[in-house]
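Model the full assembly from the supplied sequences, consistent with the hints where possible.
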Amino acid sequence: MRHVMKKHSSPLLELRRPIPPAWYWGAGLGFIALFVLVWVLLTSLGLVSRIFLPPPLAVWNELLRQAQSGILWQDAGVSLYRIFVGWLISTLLAVPIGILMGNFQFFEGLFEPFIDLVRYMPAVAFVPLTILWLGVGDTQKFAILFIGTFFQEALLIMDNVKTVPRELIQVSSTFGLSKWEILRDVILRAAMPGIWDTFRITLGWAWTYLVVAELVAASVGLGYRIMRAQRFLETETIILGILIIGAMGLITDYLFKLTYKKLFRWAVQSR
Amino acid sequence: MSLPKLHIQNVSKRFDLGGGEGLLAVQDVSLTVQPNEFVSLLGPSGCGKSTILMMAAGLEEISEGHIRVDGQDIEGPGLDRGVVFQSYTLFPWLTVAGNVRFALKKSHLSAAEQDDLVRRHLELVGLADFAAAYPNQLSGGMRQRVAIARALVYRPQILLMDEPFGALDAQTRMLMQELLLEVWQKDRTTVLFVTHDVDEAILLSDRIYVMTARPGRIKAEITVDLPRPRHWLETEGSLRFAELRREALRLLHEEVRQEGRSKNIR
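Same order as they appear, the protein sequences are chains A and B.
Letter by letter, the first sequence follows residues 4 to 274 of the numbering used here.
Letter by letter, the second sequence follows residues 9 to 274 of the numbering used here.
Treat the hints loosely; a few may be bogus.
What the hints assert, rightly or not - Which chain A residues face chain B? A few, computed with CB under 7 Å, are given here: (1) T166; (2) E170; (3) L171; (4) V174; (5) S176; (6) F178; (7) G179; (8) W183; (9) R192; (10) Q233.
Because the hints were derived from the structure by calculation, they are not lab data.
These numbers come from a predicted model, not from an experiment.
By construction, the Cβ of each residue, glycine as well, lies at the ideal position given by its N, Cα and C atoms.
Structure, rendered in structure tokens:
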């Protein structure tokens, strides 16, 4: 039977079968290379106008120009600062609220209807209101990033807390621990890896809200650079901005994954 | 008769399913466990035997009746009762030694005394060499051995075990049963053990309560008069074991068959 099966299907496309790592990584890199190749062909053969899609080289030159003039570092620094502060405010509130919601039904009943209502409101729609209330400074940017991440983050942390197995809590109470000790020494410890992963995911969302936060009333920042370039039809600047936001998001994501493996070795299945 | 260590008296359990009468899981169950006695609750799956154990542990509310330890009504979980669960309940962020030591949090012992107790109990279950390992590096049988050491380390008066070997493969289960016999032979803790495995109940117990299908009631009581110490090979081969086994199976089979009929399974 095995023999027959092997003859009729490709070894790379077996159902849920691992493939050689060279193929795995090669395929991923190859797809990106293919994407760039199509980009090169479209632009070098003159199939699309430069205004719609500049060649990769133009984007590269724009990168060098911005790096040399220092604009890039200034934009990246300011955006990183805004994202970090906005996300931190959101996290400092979402962690205690999510923990309360996950452990006490009262708090779940208290907060969930409100959070469910607000989390479907588009963050971009809050731009005029936040400017009205908070002015045009960084506080308004923090507020948009907060609105974009907090509500989802609180719900995710609630779920992280709820996935701690009931038996783990029960067995702890047979050791004579009070509910606060169980909350601190068992539930929080057990939920920590999940919460850390929620940090990674929500920080990623904060990156996607950057352009919204810097949409209006900004004079520096990666998102602002994109919005300004639109006005002057500097398409290569737009593409560069998008690529840099993507790359920086990827880096922060990777840092969280790396620290996860270091901090929570016990949570990584070894078998 | 002396005062029983554990006395379950006319206990019923009704689960509220939101409206209606609710589900009667346990009906008017009475049983006793004498000091240093090993007693099993044997019953078909879903008969409420685990629910009884959880009520005795103080982890599940009692709808009617009393559960007493040394004549005192229990109030929630307590250090007088140790519990071993069917599912793996080790704390994955603590080492094997850390898990056992965790149970001593409320013990007021010095660090040296705690270390000594932890070491002794890991030796008892044969895991002294694995003190620094993490649960995700252990097999299922080893995890349950740590759980047993952890439930014994604070010296509870009663050990409550809820199908602790149910998730293990047949060979590991036999080894674990012998290990439990060996451990019990040494300190003779009072044990209430829940199982649906007839052979396991006979091998381990002094007495067995056989339960009916849901709602769970006590159907019969079997005294296991096999000599101790017991071992699988000798004990299982004896004529008396076969008789007890036949008796327990007959009682259990009636219940399983009735349940099957009520569900139209033939």
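Practice item. Quick one: which hint numbers does this structure break? Sort them smallest to largest. Key: Hints 1, 8 and 10 contradicted; others consistent.
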